[in-house]
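Those protein sequence lines, which keep their order, are chains A and B. Residue numbering for the first sequence follows this note's numbering, beginning at 2 and increasing consecutively. Residue numbering for the second sequence follows this note's numbering, beginning at 622 and increasing consecutively.
Bear in mind the hints are in silico, worked out from the structure with no lab data behind them. Keep in mind that the hints are not guaranteed to be accurate.
[Stated by the list, open to error] Straight-line distance between alpha carbons at most 30 angstroms, and here's what the computed DSS-like set of lysine-lysine pairs gives:
#1 B:K868 x A:K7
#2 B:K898 x A:K7
#3 A:K3 x B:K868
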Amino acid sequence: MKIERKCRVVEKTQMGDAVYMVLAVGDMVRTSGVRPGQFVHIKCGDANLLRRPISICQWTGSRDGDTLTIVFEVRGEGTAWLARRPVGHTVDVLGPLGNGFDAEDGPYLLVGGGIGVPPMLGCAGTCGGTSTAILGFRSKEKAILLDRFAEDCVNCLVATDDGSLGYHGFVDALVRQELEKEHHYQGILACGPKPMLKSVAKVAAEFNVPCQVSMEERMGCGVGACLVCATPMKDGTVKHVCKDGPVFNAEEVDWDA
Amino acid sequence: MLDMSVKLAGVTLKNPVVVASGTFGFGREYSQFYDLGELGGICAKGLTLHPRNGNPAPRIAETPMGILNSVGLENPGVDAFITGELPFLRQFDTKVIANISGNTPEEYGVMCEKLSAAGVDMIEVNISCPNVKAGGLAYGTRPELAAEVTEEAKKHAGGVPVMVKLSPNVTDITEIARAVEGAGADALSLINTIRGMRIDVNTRRPILRMNTGGLSGPAVLPVAVRMVWEVSQAVALPILGMGGVSKGEDGAQLMLAGATAVAVGTALFADPFAPLKVRDGLADIAAKQGLAAVSELTGGVKPW
Chain A
2 MKIERKCRVV EKTQMGDAVY MVLAVGDMVR TSGVRPGQFV HIKCGDANLL
52 RRPISICQWT GSRDGDTLTI VFEVRGEGTA WLARRPVGHT VDVLGPLGNG
102 FDAEDGPYLL VGGGIGVPPM LGCAGTCGGT STAILGFRSK EKAILLDRFA
152 EDCVNCLVAT DDGSLGYHGF VDALVRQELE KEHHYQGILA CGPKPMLKSV
202 AKVAAEFNVP CQVSMEERMG CGVGACLVCA TPMKDGTVKH VCKDGPVFNA
252 EEVDWDA
Chain B
622 MLDMSVKLAG VTLKNPVVVA SGTFGFGREY SQFYDLGELG GICAKGLTLH
672 PRNGNPAPRI AETPMGILNS VGLENPGVDA FITGELPFLR QFDTKVIANI
722 SGNTPEEYGV MCEKLSAAGV DMIEVNISCP NVKAGGLAYG TRPELAAEVT
772 EEAKKHAGGV PVMVKLSPNV TDITEIARAV EGAGADALSL INTIRGMRID
822 VNTRRPILRM NTGGLSGPAV LPVAVRMVWE VSQAVALPIL GMGGVSKGED
872 GAQLMLAGAT AVAVGTALFA DPFAPLKVRD GLADIAAKQG LAAVSELTGG
922 VKPW
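Excised from the complex, chain B in its bound form:
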């Protein structure tokens, strides 16, 4: 019997497949398709301290084997999540991972305190948002800022593990990973979306109302695999790998590159059942390779 469970920062997931933040809302919609208890975990839609309406539409553009999005962190705020959404997610036998974004390190701290008190299984810290104080510079692009946010989050998260979500839009992702590890992070998740742009050649307008957005989908998978591989060699932290996973083989690539678990996101839009197919595909691969546990895939790449 193949053991599908994995341990991510001390949290046991029944299987290594999680759904990625921002692609699964707060679970209500996809609970109409299957029992959310089938999932290893759910990274909930990104939260901010106060509610946000997000960016004007169009917020999505299709690209070759990918999509660009610029939702702009539309969410009801952390308090509304805790009272209105968390109890719903708690009904299911799966791990709930809250995702947070702040304008200041203090905001991250406040949100961590609230979420820790409310009882989530893990907090994913999105550091791809702009730092208001530093003139809109993204926390995730400067090691010292990323470390500052991580420290603040850890200080207020109580016993809840803190996983920092890394941006691929940097020169050297391992530099950020090391800084975040040094600041006490319990895990890393990567990759966030890659900044991109698509233009309608007839109107000469970008498709997205915000001009640029974040690229996700199968197009980014090789970038994710490469970055997970690099980061896994640079730090000792467990990694939640994501970026373009739509089948078991994709997930296995990320695990072999060093991920402990994988997240499925954009693939959901074409196929609501994609996470379950990735899980089953991973089980097939592990079984065919004669493994006793799917976790044996982690870090198993044999580089030339």
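Pulled out of the complex, with its shape left as it was, chain A reads as follows:
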């Protein structure tokens, strides 16, 4: 049986524009298991009717109590409410939800863009430290979690839109460079805005490397009942980000829809 839990905020840090938050989640990790790319659906105050889906960054499971780390940007009233929760307060959490990345034995090429970067850290953890991260941000000020990726990956490359840090340009150019140089990757795992995912998927297809992408869409129930988070597939069908995803094989997705 699925349950909703009251989870205590045990740590909160401002990370550039993002909020880094650790939640005490009881035995959630031990009983449900967590995969990178899954999300939690968090109730953000009584004034906001809908929960907010936030991808899981990292997790721990132990007899002393499990934890989940989420990293999110304040985008509206709901996430602003969540960002204001003080340490020690509780939030109502549904999850873990959705299908995560299917990746155990690395090395993988982990590609994250903006607020799509945090879930890739969870991937880095499960891939046994053998992967390479390629992370894109608008500018140096927006870059987050770089030290963590440096710890959990063999290599961490950064691209910024304005060139203020690392490569001046988009991540797909770095993906191309890396795939030209190295041929040992099991696949590409990516999370970020749809245009970024589309261009990464295109490079992956060129090099014939399997690619999984984590998609985003406005959600309602988060469990697959209300059908609002529809995303079109190449075969003409519609899938739902919350239940069928958020992670899809890149070749399934209709990128031109």
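Got chain A sorted already, so can you dock chain B onto it with the hints?
For chain B alone, coordinates are given in the frame of chain A:
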């Protein structure tokens, strides 16, 4: 011992709380949270004769105490429901109410025939969809069209009760209610969503890809209460009341206004357990008021 059962168009519900069509899929997702046998009934996701992909996303926008949606009747079609979903729903000790939408009166008839043969407990007829023949005019906004669809549904539903779901997007909902009653409907459900729109002021784009959508959630509750009250005075049919119900008191308001049972919808998205909380809240209210049966609430409003 408080009697929680109610009788809606001859069908006994173990309690007056049903889940609203379109908010509960075909039950599979929420069956992971609790036994669906706890519910009075399940209005399944709206069906059409043929499968539909629905509208492009975004299909949802949050509004003050409400949401707008424009799913666009995404569904696998009535045949896939009967073979793939109905057997699952039948495992639970609850009433299964199929919800149908058609492009023509004939399509409603065909679906009723299939569903009646397959064995559902009730058919909820959604008349808020456009009539292709009449140039896309919604059946639910014209009494004679609503009556035509109701007649066709009744003709093909065998012994299965037909409940017609009324749209609030009309000048006088009692006019439609009377027409549908005259055409032989066994029950009414109301209200469907209220048409609305939300615009992102920075991009100047509507949030919904279809520009407009249907408003639901607590914001619409007073409209639902008012319409149920008006309709209950205009017709003798039993009413399934819905619109913004998220707690027992909301359900009790609709019942006092004249509803026999109530449906919970949008509240599910924040709280999967909302229908059970509404049920327990209704039981508390009925018990506190010293009632022997929750059904005594129906129509009990004392208007000034």
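Checked hints:
Simply put, K868 (chain B) and K7 (chain A) have alpha-carbon atoms about 20 angstroms apart, close enough for the 30 angstroms limit, and the pair holds. Distance hint between K898 (chain B) and K7 (chain A) is fulfilled; the C-alpha atoms sit about 17 angstroms from each other, no more than 30 angstroms. With a C-alpha separation of about 21 angstroms, the suggested pairing of K3 (chain A) with K868 (chain B) holds against the 30 angstroms cut-off.
In the structure shown, no violation is registered for any of the earlier numbered hints.
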